[in-house]
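Undergrad: Construct the entire structure; sequences and hints are all you get.
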Amino acid sequence: MELILRKHHAITLVVALWWILLMLSSSHAQSNEEANALVNWKASFDQQNQSFLSSWTTNGTNTSSSPCAWMGITCDASNYSVFQISLPNMGLRGTLQSFNFSSFPNLQFIHLQQNLFYGTIPPHIGQLSRITWIDLSFNKFNDTIPTTIGNLSNTLSHLHLNNNNNNLYGPIPSEITQLNSLTELWLGGNVFYAQIPRDIGALSNLHVLNIDTSYLSGTIPTSIGNLTSLIYLNLRGNKLHGQIPKQIGQLVNLNLLWLLYNNLSGSIPEEIGMMKQLTQLDFSKNYLSGNIPPTIGNMSKLYYIYLYENQISGSIPWELGKLHGLLVIQLFSNNLSGSIPYSICNLTTRLSDLRIEDNQLSGSIPSCIGDLSVLSRLSMQLNKLSGPIPDSIGNLSQLIRLIMSLNSFSRCIPNSIGRLNNLQTLDLSRNTLSGPIPASIGNLSNLAGLSISRNEIVGAIPTSMKNLSRLQFLDLSSNRLTKIPEELGLLRTRIAYLNLAKNHFSGSIPPQLGQLLNLLQLNLSQNSFNSIPSSLGNLTSLQDLDLSRNSLSGEIPLKLGAFPGLQKLNISHNNLSGPIPSNFDTMSSLNSIDISYNQLEGPLPNSPTFRNASMERLRNNKELAYTMKVDEKCDVFSFGVLVLEIVFGKHPGDLMISFPASSSSSVATEVSATNNVLLRDVLDQRIHYPSSSIGSDEDVILMAKIGFSCVKTNPRSRPTMEQVCKQFLRSKSPLLHQFDNITLADLNQIEY
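FYI, the numbering for the sequence shown is -29 to -1, 1 to 723, going by mature numbering (1 follows the signal peptide of the UniProt record, and there is no 0).
Rather than coming from a laboratory, the hints here were simulated on the basis of the structure.
Beta carbons are placed, not taken as given, at the ideal position from N, Cα and C, and that holds for glycine.
Hints should not be assumed to be uniformly reliable.
Straight-line alpha carbon distances no greater than 30 Å define the calculated DSBU-like cross-link-like pairs of lysine-lysine that follow [what the hints assert, rightly or not]:
id	residue 1	residue 2
1	Lys473	Lys437
2	Lys272	Lys217
3	Lys593	Lys454
4	Lys247	Lys217
5	Lys593	Lys539
6	Lys247	Lys355
7	Lys272	Lys293
8	Lys530	Lys454
9	Lys256	Lys293
10	Lys437	Lys530
11	Lys217	Lys293
12	Lys111	Lys217
13	Lys437	Lys355
14	Lys111	Lys210
15	Lys247	Lys210
16	Lys473	Lys593
17	Lys256	Lys272
Computed spacing ranges between beta-carbons, pair by pair [stated by the list, open to error]:
id	residue 1	residue 2	range
18	Arg463	His212	27 to 35 Å
19	Asn577	Asn306	51 to 59 Å
20	Thr199	Asn136	32 to 40 Å
21	His95	Thr199	32 to 40 Å
TA: If you want it as structure tokens, here you go:
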């Protein structure tokens, strides 16, 4: 009996050893097949990338022929078969055409994201019967998604084909809805030009659905409401239209919902209030209309709400005040009306960003606004808000941006505004604020931009503004300010834009402004300044200088021509006299000049800007010429202007200002070169030109031709008065064209 048992154990042991050897042989054979498949695939890569995978070889003494020890390869410990290929972000460039999918029966994970793979995704990918995770994102694959992807319905849980350099195109195969095990589907950043599959709701286990910026069209299918396990839904940046389906409210586990940058219309469904797990809601940049549903107050976990740039109307629902976790509210650029609800002041602990600008909101700012203690940005410009700025606004100690322009706020700027120590941008422009600028504004040591333009502010600019050492932009234009303090010159380190236009300043332009060495733009126009200090010549960084419409007299300072980067100069409508400084010739960056309505005389600088300047920008000065030589042709210029004013009913410069300037030597050519304007279209319509009178057409044409010849830019090209008289007395040439067809270009044929 004992002998029989020993024989039985021996036979069992032999069988077991045979199975082990068989399995080892099978595993070895499988391992060799996988190794050869990987080596062959590597051989198809671009040559310069092969060095990244130096361990992938079946030859040599220092490397293993088993792929399990190769870079990026992981094997199953039980059978030594490859179950993961992970080569992310290695700069690999090649295709999948040489990848033998059938050689990897146990492959579960393939991670090739962030490489340079290109070409098509082979249909053989459907042979990966055990695959659970495919990530081919951030490559350059093109063509369509193979329909064989539907063969992976029992195992595939993660499919990442997003951001393939916008090369995958549609349609999205309906077979993708057969992937019953799928939990994540990433298809964004492609060019499908297709619709969302109608049966997308069949993916009942889906947690993530991302098909953003992929040129999707059509409507959002109602079946999307069946994705009740969904946590993340991103369809932004497509061309989806129609309404947001009410079934979207069934996504009760959703955390993030992004439908921004589409063409969605209609109302926001009330059912969104059922999504109580939602933390981010973004419907911005669509065509949504109707009211914000009050059910939004049920979304107790909401952190971010973006509804900007739609056509939403009605009032801001007071229910927003129930969402105590809100961090950001952006409702700007809609048609919201009514007042700002007091309930918004309940959001005291977390709200950091409130943007309600560009609406139709009215009424006053709730005094409790100061309770929003962590608010960092408050934008409410371009509304119909009125009343005073509440003192409590000074409690917003974390505020970085405060924009309140283009409203009807009145009364004084509160002193409490000086407590906003973190403020970087303050814009109170285009209101009806009155009183002085509070001295406390000098406490805003972090301020980079300040605009209080177009109000009714009076008094002096406070000397405390010298403390705004980080100020780069200052606009106090269009007020009733009367004094610029010398201390303003202490803002020399950063300020680049200074606009003090249209105030009640008088006397000399403060020489201390010449200390603002980083100024790029300086506008002092429409005041009553009477002299230009030479210190302005120190502003060598200046690009735009406007001193127009003051009472400036005397000569233009020589230093004013020493701006190497000046592009625009306007000194029109003053009483400046004498010659234009000769160093204006060297201002090579100058491309716009206006010296009209002064008493300037002498030669114009020999630069393209002056040569190409329209008469409108040179008019109403003493005689200006392009050389020092003054001859008998100078006075004929004024005669030409008079003639053209009779013919056209306006100064020729006013006529020309509607046409782009050219480098032509004559006004007539400059105008006609634009678009061959018909003479009849610019004649003074108040004067009746009797077409029945013999020679009347010729008289009009002659006057226009002579007028244009007299105002040619180069005095040498103008006729003398003697030549003008002879031309009027000479027999008129017969018309070569019908009067109605004569253009301004035809008037430039007269020669002297």
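Undergrad: All hints, please: hold or fail.
TA: Against the structure, the hints:
1. With a CA separation close to 22 Å, the supplied pair Lys473 and Lys437 stays within the 30 Å bound.
2. About 20 Å separates the Cα atoms of Lys272 and Lys217, which keeps this hinted pair within 30 Å; it holds.
3. About 33 Å separates the Cα atoms of Lys593 and Lys454, which puts this hinted pair outside 30 Å; it is violated.
4. Restraint check for Lys247 and Lys217: the C-alpha separation of about 15 Å stays at or below 30 Å, so the hint holds.
5. For the hint linking Lys593 to Lys539, the alpha-carbon distance of about 22 Å falls within 30 Å, and the restraint holds.
6. A hinted pair counts as satisfied when its Cα atoms are at most 30 Å apart, and Lys247 with Lys355 does not qualify at roughly 34 Å.
7. For the hint linking Lys272 to Lys293, the alpha-carbon distance of about 10 Å falls within 30 Å, and the restraint holds.
8. Between Lys530 and Lys454 the CA atoms are separated by roughly 25 Å; this keeps the pair inside 30 Å, and the hint holds.
9. Of the supplied pair hints, the one linking Lys256 and Lys293 holds, its CA atoms being roughly 25 Å apart against a limit of 30 Å.
10. The suggested pairing of Lys437 with Lys530 holds, with an alpha-carbon distance near 26 Å, which does not exceed 30 Å.
11. For the hint pairing Lys217 with Lys293, the CA-to-CA distance comes to about 23 Å; that is within 30 Å, so the pair holds.
12. As the CA atoms of Lys111 and Lys217 are separated by approximately 37 Å, the hinted pair breaks the 30 Å bound.
13. A hinted pair counts as satisfied when its Cα atoms are at most 30 Å apart, and Lys437 with Lys355 does not qualify at roughly 33 Å.
14. A threshold of 30 Å between alpha carbons decides the hint, and for Lys111 with Lys210 the separation of about 23 Å falls inside it, so the pair holds.
15. The hinted pair formed by Lys247 and Lys210 meets the criterion: a straight-line CA distance of about 28 Å does not exceed 30 Å.
16. The straight-line distance between the Cα atoms of Lys473 and Lys593 is roughly 27 Å, inside the 30 Å bound, and the hint therefore holds.
17. Distance restraint check for Lys256 and Lys272: the Cα-Cα separation of roughly 23 Å lies within the 30 Å cut-off, and the hinted pair is therefore satisfied.
18. A hinted range of 27 to 35 Å is violated for the C-beta pair Arg463 and His212, which are about 55 Å apart.
19. Remark: the range hint 51 to 59 Å for Asn577 to Asn306 is upheld by a beta-carbon distance near 56 Å.
20. The beta-carbon spacing between Thr199 and Asn136, approximately 34 Å, falls within the hinted interval of 32 to 40 Å.
21. Distance hint check for His95 and Thr199: the Cβ-Cβ separation is about 34 Å, which falls inside the suggested range of 32 to 40 Å.
The structure shown violates the earlier hints numbered 3, 6, 12, 13 and 18.
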